[in-house]
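J.: Please model the complete structure; the sequences and the hints are all you need to start from.
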Amino acid sequence: MRCIAAGALAALCVACASTKGAAAVDHAAQLDLLRAALVHVERPDPASALYLADASAVASSIDDAQAERLFAPLAAEWLDLSLARTRIGTASLAWLERCEKLERLDLRGCDGVDDAFVARIARLPHLSELVLAGTRAGDGCVDALLAAPSLRRVWLWKSGATGAGLARLATRAGLLADGGSKPDSIAAEVEPKPEFVNLLPPPGESPLPATQVPINVDCPVSGAPVDARRTRVHQGRLVGFCCENCPKTFEADPKKYEGALGKP
Amino acid sequence: MGSFHSDPLRAAVHEHELLLTRRRLFAAGARTFAAGVGMAALGSLLGRDALAAGAAAPQRHWRPKAKRVIYLHMEGGPSHLDLWDYKPELRQRYNQDLPESIRKGQRLTTMTSGQGRFPVAPSLFTFSRYANQQDGVWISELMPHTGSAANELCFLHSMHTDAINHEPAITFCQTGHQQPGRPSLGAWASYGLGSANANLPTFCVLITQGIGNMQALSARFWGSGFLPSEHQGCRLRSSGDPVLYLKDPAGVSRTDRRAMLDLVNDFNEREAQASLDGETRARIAQAEMAYRMQMSVPELADLSDEDDETFALYGEEARKPGTFAANCLLARRLSERGVRFVQLYMRGWDQHGNLPAEMRAQSKAVDQPQAALIKDLRRRGLLDETLVVWGGEFGRTVYSQGSLSETDYGRDHHPRCFTMWCAGGGIKPGIALGKTDDYGYNIVERPIEVHDLHATMLSLMGFDHEKLVYPFQGRDYRLTDVAGRVIAEIVA
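Residue numbers (this note's numbering), protein chains in the order written: chain A, 7 to 270; chain B, 79 to 570.
Rather than coming from a laboratory, the hints here were simulated on the basis of the structure.
It cannot be assumed that every hint is accurate.
[To be verified] Straight-line alpha carbon distances no greater than 16 Å define the calculated EDC-like cross-link-like pairs of lysine to aspartate or glutamate that follow:
hint, chain 1, residue 1, chain 2, residue 2
1, A, K199, B, E484
2, A, K164, B, D213
3, B, K143, A, E109
4, B, K513, B, D213
5, B, K453, B, E387
T.: If you want it as structure tokens, here you go:
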């Protein structure tokens, strides 16, 4: 059923340019071929007849010959190609250079990709995103990347690109070059160690004390000196306590201890 | 796809007729037929048939920004007040009773509804303001590494849910419905996106045991519900065989296995053609997937090709299978290999008591790895097209459950507001949306429903959440049921 579905999809591909030419590609057969090779292929944009392919499942088995067989016949139809971790090299340039509608190309981890390789694909007219992380491309392809007509993003982490090369790329407006060393967000402000106090009354439930200084010097429960962080609002007055336990004792039977506070 | 049948029997008959029609159509040869039928009609038939066969995904409604999703679910409900939702003024309301003007009679769980007091428990953790694309975001000292990635994160401070207990709340988060039986988010993604990798399942699940109080995780959280069962999540175990029953028994060679599969598939194919039972086709697909996974899973789980710098980034815990760090690293490896939806569960965020100590341990387990995942995806050129989502099933109360002191407290479940964050995959980086009141108890700005998040996730994957439907028992079902609005403010 998978093959039939693929065939029907391709039969509907009336907008594909290659079907209009003399050397029309049998899309059905090519899509079947790709899927049989476990390459994911789809049309990501319903408004476009172009395709996306992702060779993640079989990356290590794809060399130049296999790439030629799988991808070259639909060169003019690719919108987005993920060839990450494949074994392609310069021999694949012949068909890659014909991918005139390609917008995104992922070559991450392809050891066969170097400066000369990048210099040739950078000319693709619609290529806007290019992943070169983990390739052998380096500063030698910077000029080509600067001249790439549509390039907006390029990833160069663990490539041969140096800080100087990345700095040159940064001079082109509208081009974001990610060398993998984007600085971390910094803590612009650190609050002091929090202290717990009981100064603010609950909204609408208790009037604010006239002063935020406790009315008492000694704890009404224990008689020990007051710790200013341990307070409670009682009958509109801020009462201080010596420890965390005394307020509970106080609140359990306030009348017992009110005498120590004096009259309001 | 959008038809609605009030009579289930009519719907079933209609479905059967469609299957017969499609079967005849394709038997006659799709390409020949295509010349004589309208594109829309054939597209409709083809779409449904492809689904029944499990061969292809429904057509997207627009070009996706996210090709894959990594969902980090924090089981138990991490405290928003101690991690992300900065409330400094609470320090001056320590141990005061939560005012009724804030609580407004909202329901509580029976774990605290009988408490004599609801004392306000400010977070004892220090917060720092990390630079982002706005005026900064305050993050707890428990998450310094995550803070260092703040430039990539989009915080949703005004999430809310209807469920107050774990089981229905996780079910709601994962399936869009509190009651069991619906397909999970990952299953919907699998149904919509299809597989980008025929060597691994479209939807993989990784679980980390927590330090704190843990709730049961049911397999239905990653189930396929009424969708074809090939869309259910595949749990990868942390010890022993990553996937049970994947290995061939002793004495069975790979050639033997292939021959057996061919024979069984032949029988199954005949049965599928006779009965038109989609599950039989799903069974064929699953058997083939398992055969391929015999090769792909060992390669996936073998971390020997990861360098020391990677382990320094994720933390040394990443070398121990089953840790959250190891699972974050595996999530990246699965994403690199084309897996569409990776669901991580970190258990143990249910701090009813002993919150400070448990949250220190829980946060230490997740902070560095989750920040590393973001940074690792970014430098590899994957973050732009990978949607990362972090969050639990609800938040926690501002009042202490049980006794409160300056060094210890607990918090009960709180569905009225909580914080989640997202990154990558078409999300605006370095922003925050929504606000809660001074107590972190109610939402005061831009409430966001769970269905809204789901609608947004589907939208980023290229789907109109109102149109990604599946017919079942006489009606079309969708992940967002009758709700959900895309959170436009966070879409890049």
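J.: Which earlier hints can't be squared with this structure?
T.: Hint 2 is the one this structure does not satisfy, whereas the remaining hints hold.
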